[in-house]
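S.K.: Residue strings, one per chain:
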Amino acid sequence: DAKTTQPTSMDCAEGRAANLPCNHSTISGNEYVYWYRQIHSQGPQYIIHGLKNNETNEMASLIITEDRKSSTLILPHATLRDTAVYYCIVRVIRTYKYIFGTGTRLKVLA
Amino acid sequence: NAGVTQTPKFRILKIGQSMTLQCAQDMNHNYMYWYRQDPGMGLKLIYYSVGAGITDKGEVPNGYNVSRSTTEDFPLRLELAAPSQTSVYFCASSPMEAGGHNEQFFGPGTRLTVL
Chain A
1 DAKTTQPTSM DCAEGRAANL PCNHSTISGN EYVYWYRQIH SQGPQYIIHG
51 LKNNETNEMA SLIITEDRKS STLILPHATL RDTAVYYCIV RVIRTYKYIF
101 GTGTRLKVLA
Chain B
1 NAGVTQTPKF RILKIGQSMT LQCAQDMNHN YMYWYRQDPG MGLKLIYYSV
51 GAGITDKGEV PNGYNVSRST TEDFPLRLEL AAPSQTSVYF CASSPMEAGG
101 HNEQFFGPGT RLTVL
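As given, the protein sequences belong to chains A and B, one line each in that order.
The first sequence begins at 1 in this note's numbering and counts up one residue at a time.
The second sequence begins at 1 in this note's numbering and counts up one residue at a time.
No wet-lab data here; the hints were simulated from the structure.
For every residue, glycine included, the Cβ atom is placed at its ideal position computed from N, Cα and C.
A few of these clues could be false.
Unchecked claim - On the chain A side, residues computed to face chain B include the following (Cβ under 7 Å):
#	residue
1	12
2	43
3	96
4	97
5	100
6	102
7	103
Turn these sequences into a full structure, and let the hints steer you where they fit.
M.R.: Rendered as structure tokens:
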């Protein structure tokens with residue numbers, strides 16, 4: 001399974017875009033990129049996923065580089081409620097296992 | 001839908017005691033998972049199940065056992081509790097959707113302390 005590398009922590013001003021990078025340089029062609037977040041000590045929550053193309057949903061956008069070796073999660077207008085740990089995960093298509101790293105602790109500042 | 005439920009929310013065990021962490025889901029998901037999360041760390045997969053009667057080991061299975069007799073329930077058993085098993089335990093479930101997408105739905109967690 002491909003490993004991911006994320007910054008340990010980031011700050012973002014409320015109302016600004018939060019851009020969270022993830023490096024997955026050993027990713028294979030059959031591996032998805034997933035993003036989850038964990039607010040305080042709750043269970044992780046799914047945000048978005050992608051394979052090759054950029055993706056957008058009501059929560060966030062996912063930008064994957066053309067070589068697929070890195071990606072960026074974008075929260076377009078961060079709020080205080082977006083303060084959380086964000087996990088970037090790669091998963092082989094049609095397998096069932098996620099490998100969680102330590103994630104990025106995002107703090108949104110008022 | 002209640003989603004994924006876990007009981008108990010908190011538990012303190014003495015070394016050598018045993019207990020079962022309960023997990024249930026009402027979304028008719030085939031896949032279920034148990035993770036543990038140590039302070040400041042990411043989640044580590046203990047066991048998972050792809051359907052009733054089928055279970056498999058994850059990254060850190062030692063000291064734990066699971067069973068899956070129904071689609072809804074996936075209990076995790078600790079036979080001889082050790083301080084190293086002090087952690088927060090999360091249960092999750094997922095459908096396997098067309099195209100291979102696999103969104104996992106997590107329960108609220110069980111906070112276990114072994115003294």
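S.K.: Indicate, hint by hint, whether the structure satisfies it.
M.R.: Evaluation of the provided hints:
1. 12: Since the shortest Cβ distance to chain B is 21 Å, the answer is violated.
2. 43: holds (3 Å)
3. 96: Given a least distance of 6 Å, the restraint on residue 96/A holds.
4. 97: holds (6 Å)
5. 100: Holds, because the Cβ-Cβ distance from residue 100/A to chain B comes to roughly 4 Å (cut-off 7 Å).
6. 102: holds (5 Å)
7. 103: With a minimum Cβ separation of about 6 Å from chain B (threshold 7 Å), the hint on residue 103/A holds.
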